[in-house]
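S.K.: Residues per chain, in single letters:
Number of protein chains: 2
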Amino acid sequence: MKINYPDGRIFNSPSKPSLHATNAKKKLIFGDRGMTLEEEINESNKYYRSHEIAVIYKKPTPIQIVKVDYPKRSKAVIKEAYFRQASTTDYNGVYNGYYVDFEAKETKNKNTFPLKNFHQHQIDHLRMCQRQGGICFVIIKYVTLKRYFIMPANDLFEHWDAQKNDGAKSIQLKDIIKCSIEIEANYNPTLPYVGAIQQLIESRKEK
Amino acid sequence: MKINYPDGRIFNSPSKPSLHATNAKKKLIFGDRGMTLEEEINESNKYYRSHEIAVIYKKPTPIQIVKVDYPKRSKAVIKEAYFRQASTTDYNGVYNGYYVDFEAKETKNKNTFPLKNFHQHQIDHLRMCQRQGGICFVIIKYVTLKRYFIMPANDLFEHWDAQKNDGAKSIQLKDIIKCSIEIEANYNPTLPYVGAIQQLIESRKEK
Numbered sequence: 136m137k138i139n140y141p142d143g144r145i146f147n148s149p150s151k152p153s154l155h156a157t158n159a160k161k162k163l164i165f166g167d168r169g170m171t172l173e174e175e176i177n178e179s180n181k182y183y184r185s186h187e188i189a190v191i192y193k194k195p196t197p198i199q200i201v202k203v204d205y206p207k208r209s210k211a212v213i214k215e216a217y218f219r220q221a222s223t224t225d226y227n228g229v230y231n232g233y234y235v236d237f238e239a240k241e242t243k244n245k246n247t248f249p250l251k252n253f254h255q256h257q258i259d260h261l262r263m264c265q266r267q268g269g270i271c272f273v274i275i276k277y278v279t280l281k282r283y284f285i286m287p288a289n290d291l292f293e294h295w296d297a298q299k300n301d302g303a304k305s306i307q308l309k310d311i312i313k314c315s316i317e318i319e320a321n322y323n324p325t326l327p328y329v330g331a332i333q334q335l336i337e338s339r340k341e342k
Numbered sequence: 136m137k138i139n140y141p142d143g144r145i146f147n148s149p150s151k152p153s154l155h156a157t158n159a160k161k162k163l164i165f166g167d168r169g170m171t172l173e174e175e176i177n178e179s180n181k182y183y184r185s186h187e188i189a190v191i192y193k194k195p196t197p198i199q200i201v202k203v204d205y206p207k208r209s210k211a212v213i214k215e216a217y218f219r220q221a222s223t224t225d226y227n228g229v230y231n232g233y234y235v236d237f238e239a240k241e242t243k244n245k246n247t248f249p250l251k252n253f254h255q256h257q258i259d260h261l262r263m264c265q266r267q268g269g270i271c272f273v274i275i276k277y278v279t280l281k282r283y284f285i286m287p288a289n290d291l292f293e294h295w296d297a298q299k300n301d302g303a304k305s306i307q308l309k310d311i312i313k314c315s316i317e318i319e320a321n322y323n324p325t326l327p328y329v330g331a332i333q334q335l336i337e338s339r340k341e342k
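For the record, the sequence lines run as chains X and E. The opening residue of the first sequence carries number 136 in this note's numbering; numbering runs sequentially from there. The opening residue of the second sequence carries number 136 in this note's numbering; numbering runs sequentially from there.
Identical copies look the same in the list; a pair holds intra-copy or inter-copy alike.
When the alpha-carbon atoms are kept at most 30 Å apart in a straight line, the in silico DSS-like pairs for lysine-lysine are as follows:
#1 K281 with K243
#2 K240 with K309
#3 K240 with K340
#4 K342 with K313
#5 K309 with K243
#6 K309 with K342
#7 K202 with K240
These aren't lab readings, by the way, just hints derived from the structure by calculation.
Could you build the full structure based on these sequences and the hints that come with them?
M.R.: Now the structure itself:
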């Protein structure tokens, strides 16, 4: 429902917003929020959990703790610690009985996506999860283009392995478009990537 | 193959150890190693990963980082940080296509297992994962008794919820025995709990 007030304001009923109004809102909210991909995924995960659609979390950063102080009447303070290399990807969880595992990467490039964004341990971990029957993929955000792609892990492996043969240090956007599911940033959830997971599950069933 | 040497030593072929020898070895190795439950699970997870049986990890402890120093020619040092409450359980991963989620708890008690070992957020998280079709449970170690139990999450929920009605602050060992799968510490893997996961999957299929 859209009401045009005489003074030029437009009121949109929240229960049934018009398409036009939604787009206007989108531009206003999503164009200017400047969230990182990580923030967008974390927001989406909150939405998916609260609506019981999926239970997916970002794993905490692994830290090597060296020194902890226990001040009286106060909580423990870590005084010396170091960042550790993670052994896994950043995100995992469960959707409709399926194990889900993925890494999220963003680039400011407008075409090529550099493979150096990935680490060997992330590839190895995705391979192992894939072999265990998990739904594994990468979420790639082209920050400048505002485009998001869900790239199945198998396609990532192909490009990763091809490095050794053809020496290509990056993936071309056109190749990402070819093998990925493109999703659009939205509102509740911010990044509706579970729809893409459902598509991956269905295409696996067809095989 | 067992060889009795004249000097009283017993040699056991590693390919076919006798039952007796295995037990002797067990007592020697497992009785004295004094590993915590967490160490036992982490060791087992390494074994399961390297044998491609399951990909399960302990999640890192969540830390709130306040201050980081970046000394020249040296890696970043965290100078002030605090422990944060986790939102999830400690362990999750994938086994044969199934999402697996569990918490590990040990007690020095010989009979009752205090429910205060669990936090509300752990119960909530297990419930959500269970509703998403995950295989959810708790590994309970009776340190003094050297007994290990895999208790399905549903049974934990029953005892947790009963607190409100009957005020019982703990679970009796006999009740744990009744609803759980008991496993024994072993060698490679240290704690063969994936067999119990397989049993949980099969009993769910029967329902």
